[in-house]
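Peer 1: Below, each chain spelled out in residue letters.
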Amino acid sequence: MVAPWARSQAGARLFGIASLVAAIALIESLIRVGVINRFIVPLPSQIIAALPRIISEENVLHRFWQTTQELLWASLLLAVVGIALGALLYRFRILRLACETWVGALAAAPIVLAYPLFLVLFGRSATTIVAIGFAAGLAPVILKTVEGLAATRHVLINVGRSFRLSPAQQFWKILLPSALPSVFVGLRLGLIFAMINIVGVEFLINFGGLGQLINELAERYDLPGTYGAICFVILTSIVFFDVTQRLERWLTPAA
Amino acid sequence: MDSAPLLDVQNITKRFQTADGVTTAVDGMSFSVAAGEFVSIIGPSGCGKSTVFNIIGGLVGDYEGRVSVAGDVVAGTHPAIGMVFQEESTFPWRNVLENVAFPLEIADVAKQERLEQAAHFVSMVGLRGFERHFPAELSGGMRQRVALARTLASKPKLLLMDEPFAALDEQTRLLLGDKVLQIQQALKQTTLLITHNLTEAVQLSDRVLVMTYRPGRLKRVVDIDLPHPRNSEVVSSDAFGHCVAQIWQDLREEASRGIQEDESRVLHAGAKR
Amino acid sequence: MSAVSAAPTVRQVTVLRIVIIAVVLAIWEAVSASGLLFRDVVPSLVAIGKSIGGLLAGAEFYGNLGITATEIGIGLLIGGVSGLAIGIALGANRFLSHAYEALIYYLGPTPKIIFFPVMIMWFGVGTGSKIAMGVVSCFFPIAISAASGMRQIDRVLIRVGRSFRATTWQMVTTIYLPAMRQPIVNGVRLGLGVAVIGTLLAETKLSNRGIGYLIIQAYARFDMPRMYALLIVLFVVAIAANALIGRLGRPRHP
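Protein chains in written order, with this note's numbering: chain U, 10 to 264; chain Y, 537 to 809; chain P, -11 to 242.
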């Protein structure tokens, strides 16, 4: 028999959160008692206490802004280049037939593993980070753009023809608006990939904003700080994911 | 009064290459539509009506024969011909007013001017007050009215419609038909309507052209003597029934022939396997 | 009004592909020969080719490949099994799903490499931390696809199993897993992709063995042809593995 409070969604969620808090409290006591080594896992209470310290001492706002800037540049490139390439592939069918599987392979390729190459090309700089973010997020933008354009309802294209639209007008006034929901989905995917890779590369090359913060704190052996910063970055990326999800739902009315 | 017809269709023949060989969709159809006339083409499903629509509208090439509108030969879509399609064709990302203003926007009419003109046509189809609504918020019939208003906004010499009310229920059809007729009479808009609905054809037209089943040929031309102004009430009159009876005989023949040919084709395809 | 132009033939597409590849290679070689970019940044194709040859001929490569492959394999195994188990549990039980699935769903698209310092503290600087990175990376996509795969199983099949009084283990092996083959394969495909990334990035950051180590070594020595060689081989293997698993997942038709 399922308890009535267990049947509701809200009840379940509350249970989930409560159990997590209980687990953290358990870990806290296990560390205090000495079962878990406190030099490997710092006290959760210490981690929480470290957060305000990090925010004030480590210029978290500034670092956040740095990462955001890198992401913004990557987004701009993704939107302009990705949509343009997608439109190109749509426009020339033979090009699409030749290259679409390649773009699909690109989506599966572990681009970020080539970061040492980017380091050589662009040095330890924001350019490297933006370039990797862009490269990692490009494939879904292109694929979704092509998909959206190709899915334009035939009758709408015929409406354009009946009004004697030029190819450029046909593209800007009919094809692209029709494809926009799909394009947004692609852009969101591209942005998620870009964000993940940007923060990751910041950590790896010890340059930039939030990713670099974690690296620095780890090298300083600031345990609560490192854990705290990791939690903070994870939280930020969760918020980013959620916000973009809501944006996408708002911009793409259910077809 | 002897004026050249607005639409002149001469001997159009269209053949398609299919898996089973060459199909003739339309075979040597000729007819004309005078300025201000409302003509319907009626035929059973599969008779090639939509092909005729696409040929006259300039969406399909590669046919024999000639189509000219206002003396100008049609080769590709023509500015003097306005098309209303059977399927949903409003732009979902534009509101009603912006949809209707579309052809004016293409013609580079200034924004204020074109929105005013569009509002006029929106009102004409009876959608005043819905200018800011988006198509998703409207019913199917309302959306077709938007499509009609949009086409009218381009001030075409010939209004060409392909079963625009096919997806609507009978009552809505009758009332929309009234609206269309009202507008047509007010604007003296030359109109060619493709339909499979007998009531609609008789209700709205001055003449009805009956097509045979594939290959589509002109079987009969029926003059509709019902007086103008008409509205949907005419449907219950004797004169209406008389016109319908004239056309139904031919239509029934073609429709049955169509069903028989379809069935035998399916049987043959099944036997081949 | 002309009809739509005929569809491109397979032959034409192949020719275009060859042309594109040839043009790209030609531009590469031209840039390399011109010396436009600093020294070796764009090495000649010949140099790269030689390096690939040398790489594949040497034992050093295979030794490190074996280490990396083992790390990824173990990581995928641990992450895969735990991901499947938890995913199935979440998919089967509505309450658990509402309590915990959101957590997994939202933790999925985050940069896992930032956990690396913690993994080092817990598992040391050796292979252990690399395997841990692989586990953390691949757990999420596999759990998520297993959970949603569970939910989309035809209810009828579950009832059939219950009517034969199958044990939980039997339900899992004879009904759940076969019915979920498609989403699980997709999840594993994604999981492999991110496990490769997680493990290799960890190797580049802190290791003295593995393919990641070889790459960062080539970077440190500025041996560009070798770096390109390693990356090319790595990408070919990764894309091929992805495609292979994809084939596995294709529905079998009678």
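Calculated directly from the structure, the hints in this document are not laboratory data. Hints are not guaranteed to be accurate.
Stated by the list, open to error - Simulated restraints, written as ranges between beta carbons of each label pair: (1) U:H163 <-> P:F26: 50 to 58 angstroms; (2) P:A35 <-> U:T110: 46 to 54 angstroms; (3) Y:G597 <-> U:T110: 49 to 57 angstroms; (4) U:A58 <-> P:Q158: 45 to 53 angstroms; (5) P:F26 <-> U:A32: 35 to 43 angstroms; (6) U:V89 <-> P:V3: 50 to 58 angstroms; (7) P:T(-3) <-> Y:D598: 36 to 44 angstroms; (8) U:E228 <-> P:Q158: 45 to 53 angstroms; (9) Y:K691 <-> U:A93: 30 to 38 angstroms.
As the list claims (entries may be wrong) - The calculated DSS-like cross-link candidates involving lysine-lysine, where the alpha carbons are at most 30 angstroms apart (straight line), are: (10) Y:K647 <-> Y:K755; (11) Y:K691 <-> Y:K724; (12) Y:K755 <-> U:K182; (13) U:K182 <-> Y:K691; (14) Y:K755 <-> Y:K693; (15) U:K182 <-> Y:K693; (16) Y:K647 <-> Y:K691; (17) Y:K715 <-> Y:K691; (18) Y:K715 <-> Y:K693.
Ideal Cβ positions, reconstructed from N, Cα and C, are used throughout, including at glycine.
Peer 1: All hints are to be evaluated individually against the structure, with a verdict given for each.
Peer 2: Now for the hints, and whether the structure bears them out:
no.	hint	verdict
1	U:H163 <-> P:F26: 50 to 58 angstroms	52 angstroms, holds
2	P:A35 <-> U:T110: 46 to 54 angstroms	29 angstroms, violated
3	Y:G597 <-> U:T110: 49 to 57 angstroms	33 angstroms, violated
4	U:A58 <-> P:Q158: 45 to 53 angstroms	50 angstroms, holds
5	P:F26 <-> U:A32: 35 to 43 angstroms	53 angstroms, violated
6	U:V89 <-> P:V3: 50 to 58 angstroms	30 angstroms, violated
7	P:T(-3) <-> Y:D598: 36 to 44 angstroms	21 angstroms, violated
8	U:E228 <-> P:Q158: 45 to 53 angstroms	51 angstroms, holds
9	Y:K691 <-> U:A93: 30 to 38 angstroms	36 angstroms, holds
10	Y:K647 <-> Y:K755	48 angstroms, violated
11	Y:K691 <-> Y:K724	11 angstroms, holds
12	Y:K755 <-> U:K182	42 angstroms, violated
13	U:K182 <-> Y:K691	20 angstroms, holds
14	Y:K755 <-> Y:K693	27 angstroms, holds
15	U:K182 <-> Y:K693	25 angstroms, holds
16	Y:K647 <-> Y:K691	18 angstroms, holds
17	Y:K715 <-> Y:K691	17 angstroms, holds
18	Y:K715 <-> Y:K693	19 angstroms, holds
Figure legend: structure checked against the earlier numbered hints; hints not met, in rising order: 2, 3, 5, 6, 7, 10, 12.
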